[in-house]
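Colleague: Sequence:
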Amino acid sequence: MTVATLPNDYLERVYAGVLGKLIGVYVGRPFEGWSYQRILQELGPIHYYVHEQVNSPLVVTDDDVSGTFTFVRALEEHGVTANLSAEEIGKTWLNNTVEKKSIFWWGGRGVSTEHTAYLNLKQGIKAPASGSIKTNGKSVAEQIGAQIFIDAWAMVAPGNPSLAVKLAEAAGSVSHDGDSVHAAKLWAAMEAEAFVSKDVNHLLDTGLKYVPADSLVTTLVNDIRGWAKIDQDWEKTRQRIEEKYGYDKFSGACHVIPNHGLMISALIYAGHDFHSAMHIINTCGWDTDCNSGNVGCLVAIMNGLAAFEDGPDWRGPLADRALISSADGGYSLNNASRITYDLMNVGRKLAGEAALHSPKNGAQFHFTLPGSVQGFIASRNDLLPSLVKVEQAIDSENRPGLAIQVHGLTNAVKPVEVLTQTFTPPEIVDMKTYDLMAAPLISPGQTVTAILRADNGNNAPAIANLRLKHYNAADTLSTVDGPSTTLSPGQEETLTWKIPDAFDSQPIQQIGLAISSAKGLVNGTVWLDSLSYSGTPHMTLKRPSAAQSDPFQAAKAGVPCDFWRRAYIDSLSEFHTKFPKASFLLAQDRDEGILITGTREWIDYKVTVPRFMINLGTAGLAVRVQGLNRYYALVFNPDGKSVALVKAKDESRTELASGNFDWKLDVPYTITVSVEGDKITGFIAGKKVIESQDGDYTGGGIGAIVLDGSVAVDQFDVAPLT
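Its first residue numbered 1409, the sequence shown is counted upward by one per residue in the numbering used here.
Treat the hints with care, since some could be wrong.
Unchecked claim - Below are the DSS-like pairs computed for lysine-lysine, each with C-alpha atoms no more than 30 angstroms apart in a straight line: (1) K1657 - K1606; (2) K1757 - K1768; (3) K1509 - K2096; (4) K1509 - K1542; (5) K1950 - K2087.
Keep in mind that the hints were calculated from the coordinates and are not lab data.
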């Protein structure tokens, strides 16, 4: 397979594609499944976001976003290679998908194609058989899912449609077959080619090379190209699509062909203009978030970041934000810049080039991509709506950063908050259909560093302090301030804050800055050059003191204190947090279940459970957890005579080492597991009982695994090794 030369503007084109995907999904999400007629009647022609009209948040959990940016990580889990197989991508499904909780529409076997394929995988039917027509029937196999998750595979294969198609076919066939996979291949080829061509007819011709000439997808595309030449009117062509290829012509919940037809039509009529493309594809109806996400990605790749200019402000309300619900909770609260760098570096490796380091010494928030604010949003001030403006910009010395522009800031008004989300937002309770699985990005014990400067043109000093917000017993947010500095015009400062373990095991939801006046009126700009977090957490995780063991008494007292549970991802049969003698009572009816928190940025650390009591079956304490099926764990063996260090890697559980230890049910033990480099060590009651070495997983969170039984855990104490 020929390796294409990467375009000079590859990074920015990927960024445009990621933004186009996110914008498209979030435009179409509120009226997903509506017909063209209903949209016109209830909303009118779609020219912009309409989430407020249906009382919904803009940025929500959605399968189109979660699946697209989760499954491509198979290249991380199984090796960056053009020969990635469907079977390997299927393993990534199982590692990252929490059954009936994350990524998919869980509509039932034979109704939801992804749900059906997932059950097949769980039962040992490997991909591509898991998604084949032979296994699931034509109706189930040819729904829309193969194409809706396809964009990332194209973005790692810029200008290389053959590679994009190969990867897309492997990915699509995990769950789909037939015309669904044909449509996915065609779209992936076009998106890959869009990095090097803006000619829509050329893109269509390129895509058709990879689809059987006698397939329904080819017939559909040829029909629409012919109709568009005659009609010169997208609404007339839409009507033709409905009459010949409408939903009534196909079985299943959401067939690919009608929706693919609308996408092809929108591309023909508006491939040159992102704003028109959003208008057409969303006004057309049917599976609007899926269709709009695919079209938005392709048109944005083709036209670059300029696609979002000279029209509605798509990027401002989005603020780069993305929610990705999977078992890797540290990837859930995400932003377009982070996703872009991840995809770009995979693409570089596939092209035989070295990965690029993240800018500004690896800062998580670096604001180097044009217009990227990485989720930082200013607090509202209804009395002074023009008080603050936040945007990515370049200063007078050609340094990119986040420009926080204040106008009329005085001591008489509240400080301006400019924060980004680091955990599940409060509005999650208003999100419908899809759950958000997430772990906090920042934890007590870690160090937050912000590099700041005041613009030379500022009229007066401004005070800047680090600020975080965490959940509290009322499931609202409490504010905690860190170090501050007074910035005179032209002054640069670095603020460093080691986060205290002072929040009663409640997760940190936001981090950023508060800007206030030192004295008098402040007009000017405070630049946030970068914000980063690093180091090993040092904290205790348990049921907060305000979370009473009796839920009825808690409700009676008006103290819900339930949001903290969302910091844990679980594949358990039951996850109890209301029993008095343990913060966590974990039960698994059959096979293996796991409770997870933490992120892959946790490298070397130790975790201790002071009281770990197995009630039935067996259990273990896991470290460097990278999903449901990738971790190390100290496990109490079923023989009651020994413990083992176990490595989980996809379907296998390998015993790295074993040690003698007599243990009993209903007896609490103090257990510790430490990881340092490639060394894993297990302790019971402070005594080393087992040790091994393995270098596969260099970082990851913590967890408790349960096999055919239950275990009580009082708390997790996470700490540096020294």
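Colleague: Would you mind marking each hint as holding or not holding in the structure?
Modeller: Each hint tested on the structure:
| no. | hint | result |
| --- | --- | --- |
| 1 | K1657 - K1606 | violated, 33 angstroms |
| 2 | K1757 - K1768 | holds, 21 angstroms |
| 3 | K1509 - K2096 | violated, 38 angstroms |
| 4 | K1509 - K1542 | holds, 28 angstroms |
| 5 | K1950 - K2087 | holds, 27 angstroms |
Checked against the numbered hints above, the structure violates hints 1 and 3; every other hint is satisfied.
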